[in-house]
Each structure stands twice: as C-alpha cells, then as structure tokens.
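2 protein chains.
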Amino acid sequence: MKHIAIFGFGIVGGGLPDVIESCKEGIKNIVGEEINVKYILDLRDFPDSPYADRVVHDITPIIEDPEIEVVAETMGGAHPAFEFSIAAMEHGISVVTSNKEVVATFGDKLLECARRNNVQYLFEASVGGGIPCLRPFATSLAQEKIISVSGILNGTTNFILSKMKFEGREFADVLSEAQALGYAERDPSADVDGIDAMRKIIILTALATGKLVSADKVYAETIRNITPADIDAASRMGASIKLIGTYKAVGDKMSVYVCPQIVYANKALASVNDVYNAISVTCDITGDVMFYGRGAGRYPTAGAVLADITAILSGAAEAEKEHEFVKADGDVLPFGDVPFTYYIRISGASAADSMESLSRVFDKVEKLDGSAAGTSEFVCSSLSLNDLKSLKENLDGIESVIRVLE
Amino acid sequence: MKHIAIFGFGIVGGGLPDVIESCKEGIKNIVGEEINVKYILDLRDFPDSPYADRVVHDITPIIEDPEIEVVAETMGGAHPAFEFSIAAMEHGISVVTSNKEVVATFGDKLLECARRNNVQYLFEASVGGGIPCLRPFATSLAQEKIISVSGILNGTTNFILSKMKFEGREFADVLSEAQALGYAERDPSADVDGIDAMRKIIILTALATGKLVSADKVYAETIRNITPADIDAASRMGASIKLIGTYKAVGDKMSVYVCPQIVYANKALASVNDVYNAISVTCDITGDVMFYGRGAGRYPTAGAVLADITAILSGAAEAEKEHEFVKADGDVLPFGDVPFTYYIRISGASAADSMESLSRVFDKVEKLDGSAAGTSEFVCSSLSLNDLKSLKENLDGIESVIRVLE
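Going line by line, the protein sequences match chains A and B. Residue numbering for the first sequence follows my numbering, starting at 21 and increasing by one per position. Residue numbering for the second sequence follows my numbering, starting at 21 and increasing by one per position.
Extracted from the complex, chain A is given alone in its bound form:
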C-alpha cells in the first residue's frame, strides 16, 4: 500500500479519490500496490464525503508522516501552494500539481527544491487538463530542440469563440451562457483576458527551453473586443479566430505571447473547437506534433494528476529527463518588436483612401471582399506593434485589428 495526501479538496482534488478508485486495477499493474489517500488537507470540512475522516486542517501531521510518499497539490493560487509544496519536499515527499499559477510563478524554485531533496516535482495536469502533453518534453521529445510551441490553451475562451462563430452571437451573450454552464467564473478575467493561457505558455516555454519567464514579460491580449464582424471576416478569409499562446525561438532569444489570432483552416489548430485544447510543438527532428483533447474538467485533470503519481511510485519519473528552470526574463524579445500580418477593418473612409494609407506602412496590403457597407477590410503584412500604434494614431476609423497566425 502506497500512501498519498491531497492538498485542496476542490474540483480536481475532490475528483482524485474517485479516479484512483476507478483506475485501481491499472494502478496495481504499474505501481504493484494500491494507492491510499491517507490525508486530505483543506480549510473546510466535508462531513458528507466518504473521505470525511481523512480531512485535516494542518499540514504538519501530513509532512511528518513517514508513510506519505506523494502529495497531490490541487489548491490553485501561488500561495500557500508554494510554501506547502516546499515544506512537503523538504520532508522528502514528492509533489504533483494541477496548479498552473504556482508552476508558472515559482517553477524554478520548486524544481530546485525537488532536486535538492532528491524527490520529484511533476505538473502534467497544469497544462491541457488530461492531455498528456508535458511528459513528451521529458521523454519522447527530450533529446530534440523545440523550435516553437503554439496552442489553444484555454477551454473557456475556445468555447466562447466557437459559439460566436457557429451561432453568430455576441461575446457578452456567450460569456453569460458559459458562466451559467460553469465553464467560466463569475469574474471571467483570468480566462477571457488571457491570464490562464499566459501561465500555460510560460510553463510550455520553460519545458521547451529551460527558461522561466515572468508574467509581466508576456504580452496577453483579451478576447473581449472580438465582435461578430471580426468572426465573419475570418470566415470570409477561410479562417477562425482562436486565442493562441505562442513560444518561438528567435536566435538565442525568444518571443512569448498570448493573443487572439486569425487561424487559416489548413492549420490543424483551426478545427479545435468548443472546450477542446490543442498544443502544437515544432521540433527540429520530428517536425510538427500536436496533442489534442479536453483541456479541463474534473476527471480528465484528476487523471493527469494520477498519471504523475503513478510515474513517481513506479520509478518511471526518476529516469525521465530532469527539468531545470532558470529565470531568463532578459531573453524575451519585446512584444512590440514582433512583426505580424494583420487583419484591419476601417469604417468611414473609402477603401481606396485606406489602401493608400496602409500601403505607406505595410509591405503588402490585400483588400478583403464582402465587407459590410461603409467599411473596408484589409490583410496587411508585416508590422510590429510599435509601428501599428503610430498607424492607429494617424489613421481614422480603425474598427478592428487582429493578428493572423502564419
């Protein structure tokens, strides 16, 4: 019998005992023994839960119990998840987590603490829910150079953008539905403003490069401003609008950003709809590989937490590539310097006038057909954000500017 503890008995942590129960046989095959949830750490009590007798409110008895081999930290938030994880590892206990905020913020320190104490710190469930997209960075793709990673990393925004496209609805209207369905929080900003996706692309970047960058170095743009007119324009371009998180190697430096982008239908990411996530990785040997699945949900995410637990208890994790993150904010290129192709919609001015103004700053300007009366639309390449800002100051009537995924 192998003993574990769960820190935080919420959505994911609360689902973990059920997943352990339903995977009993599989666990025995891999680990050779059963897994017992010996403690559940939470501020609350759960008198109606079949696990009520495991609930404790203090971390000390857990980390001082020599039987505990792994802690599943499913608390969310940077604090006290960080301190609790460090405390567990300093007592010789490995930690697995679904908590993207703590990994994106303190991943360097957490991995260093694991190394120092000769334990494991794994976080498969922190990106892509149940999709096994992080382990390949430590196994199958571990010997390769990762050139870029781009992904649909947030299910809530993908649900909203898919509904806007397929049902022709407004952002605010679909957001209300997502909130009613429990896909979006009452305060939806972590999702819709790209904060959640930003944390995930920080983690993916660190896995690809070993470099952990700070949140304030990563440009993140909201999807609140996307309108049905934008969605319609994308459709006329044979494309969809997706919130994309991107890491790209640029020489020794890198670009890391999250923003809504127009994705042409010939790209695999274009057909990832609803709450699904997809992570596309470009490697120097294997080329493009994409991992796709449900990016959230109680049981898929708890399943990914369990996969990390069994990797530790079977000994597999110890033989996998050991990640080491170092803070490297200086290696992130300023987002303002990154050139993009843009979709631009202008109202008021004549198409001919706009064309002329745009041609002064862009290398290539193409008019898009089918614009609504009184508006002109263009696909223009390529320009950096800094130049775009000056364009906006000098050109009246710009209604919409959206980057195109190349």
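Treat the hints as calculated values from the structure; they're not laboratory data. Don't take every hint at face value.
In this list, chains with the same sequence are indistinguishable; a pair is considered to hold if it fits within one copy or across any two.
Unchecked claim - The list that follows gives simulated cross-link-like pairs (lysine-lysine, DSBU-like), each with its CA atoms no further than 30 Å apart:
(1) Lys185 <-> Lys58
(2) Lys22 <-> Lys165
(3) Lys273 <-> Lys44
(4) Lys165 <-> Lys48
(5) Lys347 <-> Lys48
(6) Lys268 <-> Lys287
(7) Lys341 <-> Lys44
(8) Lys58 <-> Lys287
(9) Lys185 <-> Lys387
(10) Lys341 <-> Lys165
(11) Lys347 <-> Lys44
(12) Lys287 <-> Lys384
(13) Lys183 <-> Lys287
Chain A is fixed; fit chain B onto it per the hints.
Just chain B now, kept in the frame of chain A:
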C-alpha cells in the same frame, strides 16, 4: 559511451546516425553518455557512407559483443527481422524497432522473449512515424481503460485522398504523382489497400487491450474505388473521406477494421490532411485525446527510434508499464455484423423508387441534395455488411457505398 547496432541501413536505419549526431547534447542530458553506432548490419555495403567501416554482413559478432546494449531493428518485413530480434534479446540486448509488420505479426512472442531475458522491446516508431503516440499507453494513459482508438494511420493514402479533394482529381492520377514524389511504392497495395494501416491498428489494439489479433481477422478495404463523385458527395455532406483504422471495445469483445469513411468536419480527424497522421484515443477517465503529426519520413521516424533507445539507456523504459500481448483472435467480432451508417449512390432508378427500396432495410434514410443528373444519393443508418450484401443483390444501379464515421 553506450554502444548500439543498427539492423537494416535503409530509409529509417540510414537516418538514425544523423539523428543521433544532431541530438548529441540532448542524449547526454538524458542518458549521461554518448551513443556510438558500433555496427550496421546489412546485406549491402555502403562504401560512400561515413559509416562504411561499421557495416557487417553477419549478426554473430554483434550479438556476441558484450558492449552492445541496444539494437535498432529497421529492416522491415517479418523475416528475418523476427529471428534477428529474438537472437539479440536472447543475448541480453534490448531491441527497438520501426517495423510494424514484425510487431503486428509476432508482438506477443517478441515481448515474451524480452520479459524472459529481462531486456526491453520497444516499437514507438512502428506507428505514426515521429508522433509520440505509443509511449502514452505505457505512461500517462497506462492506468485507464481504453474504449476506442481510431486513426488516420497511413500518410500515403491520406495524401492521395487530400489531393483528390482539394484538386478534384482521379485516384489513379494522384497515385502516379505520389509514386513520382516517393510517397508511394511502385506496388502501392500495402498502402492503398489498407494493409499498412491494418498492421498499425493491430498494434494500437494490442496496446489498448493486451490482445494481439491476426491480420486475417481484421477487415481492410482499399481506397482504389473512391471516385471524385464520392469526394464531391462527402463535401456536400460537410465531410471528407479518410482511410480510418478503428478499434472499439464491444463488451468483452472488440471490433477492429480499416476502411475509407466519410468523416464530418466537426470531428478532429476530418482536418488531418496531406501526409499527416492522427491517432485519436478514447479513455474512460481522460476522454478523447488525439496525437497528430507526420506519420512517416526518414528523420521523424528515426527520431522515434532514438527516443526508444534513450528510454532504455536512461532506465525510463524499465519503469514504464510492461506490455504483454496475448493472441486473441476469438475476441474479434465478425466485421459483417458491425452496423454502420452508409452513404449510398444509385444511378438509373428514380430517387423515389430508391428511397422506398432502401427504407425497407434501413431504419433511417435521408436523401442528399445536389446529386448529379441521373443519380440519387442517400445517407442511411444502420446496417451490417451482411445485410448490405443482400441489399446489393436486390437493388440495381448501386454505384457507391461508403461508411460514415459516427
């Protein structure tokens, strides 16, 4: 320094030394030492290769060399790959392979031999080229029940079907182009008749269930009969035609088959085009997960071979779930009994007459709009192959029958 040998210096085996060279640094991080290709076993000589001095024509000195830890078997074909792999493992050498035929045919015996000799037998490169789609069955998804697997498993046929769709061309015409480009063999039957995909779905089924089924138990249907009229009909249905390999659990039994299917655009597999492959896995906890990438090619496939080599040399493979295949032909349901929805095109008869005839055998019959003059098209559910045969005998003018992926 870790020493390996390569059996078969063809496309994949010939690429392996280059991949080892370009992943030198990554290998050192994982394995802790460099990998040296000490022998290359081939019937031919390669006087112009920088590895000419490693080439030998006899297996004996290789398997009797105590320095050799891993053999990469990239010979293709069941024999003598099977005998050579057994000989290596009986001398305490682990074997990795890209050879789907030998795994699909003798996987049970090869894994049993590995167990008996306390070595590893890994075959990531045998399915999906460089896509890391097999290792998750031994790691991240190892504790779950796999309910179904369906995939676009052959790049050549996907290239042909994509070209037929996007360029409106005939099968024979695109096949010639694929042959000229080196995507298809001069004798294309292993690809276009579904044999290659069948071997891969046999391997995936064995990973999902532990049951290895014989090739003659797996229905495989060619794509040679797909016409531009079929592709056009699929487009009018908002779908594409793909060659799909499928495993499905049906109680304690299972269905395993390969056939061209009409795939609606809302399915992730529909947008997998050109030489790309995708493997979609449905698990009881994680739900749907899909792995996508280049399913073939010298370097991606050699990269997957290398990933297996480093997994063995780092010790990771030893801690992963140990696969055990048992022959289980009796568990495959007869394909003739599997019910499907069908697209049916009938020429000559009036639509109304056909509708009546079809309604006698199908529960549900829907007429498809936009048919060419003199033909009627229907989407009918659901019927088994056995009933379909009797339908064909009793209904004149059936031009085309294609299964629809549900």
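Here is what the structure says about each hint:
For the identical chains of this complex, lysine 185 and lysine 58 are neighbours neither inside a copy (47 Å) nor across copies (57 Å), given an alpha-carbon limit of 30 Å. Proximity of lysine 22 and lysine 165 under a CA criterion of 30 Å is satisfied inter-copy only: 22 Å between copies versus 37 Å inside one chain copy. When the C-alpha separation of lysine 273 and lysine 44 is checked against a cutoff of 30 Å, the pair qualifies only between copies, where the shortest distance is 22 Å, while the shortest distance within a copy is 46 Å. Proximity of lysine 165 to lysine 48 under the C-alpha cut-off of 30 Å is restricted to the inter-copy arrangement: shortest distance 13 Å between copies versus 35 Å within a copy.
Taking the shortest alpha-carbon separations for lysine 347 and lysine 48, only the inter-copy value of 23 Å comes in at or below 30 Å, while the best intra-copy value is 39 Å. For a Cα distance limit of 30 Å, the shortest separation of lysine 268 from lysine 287 qualifies both inside one copy, at 17 Å, and across copies, at 29 Å. In the homo-oligomer, the alpha carbons of lysine 341 and lysine 44 lie at most 30 Å apart both inside one protomer (27 Å) and across protomers (15 Å), since each shortest distance falls under that limit. Neither within a single protomer nor between protomers do lysine 58 and lysine 287 lie at most 30 Å apart by alpha-carbon distance, with minima of 46 Å and 42 Å respectively.
For the homomeric pair lysine 185 and lysine 387, the shortest alpha-carbon distances inside one copy (22 Å) and between copies (28 Å) are both at most 30 Å. For a Cα distance limit of 30 Å, the shortest separation of lysine 341 from lysine 165 qualifies both inside one copy, at 14 Å, and across copies, at 27 Å. Taking the shortest Cα distances, lysine 347 and lysine 44 sit within 30 Å of each other only across copies (25 Å), while inside one copy they are farther apart (39 Å). In this homomeric assembly, lysine 287 and lysine 384 come within 30 Å of each other (Cα to Cα) only inside a single copy, at 22 Å, whereas the closest approach across copies is 35 Å.
In this assembly of identical chains, lysine 183 and lysine 287 lie within 30 Å of each other by CA distance both inside one copy and across copies; the values are 20 Å within and 16 Å between.
Against the hints set out earlier in the document, violations occur for numbers 1 and 8.
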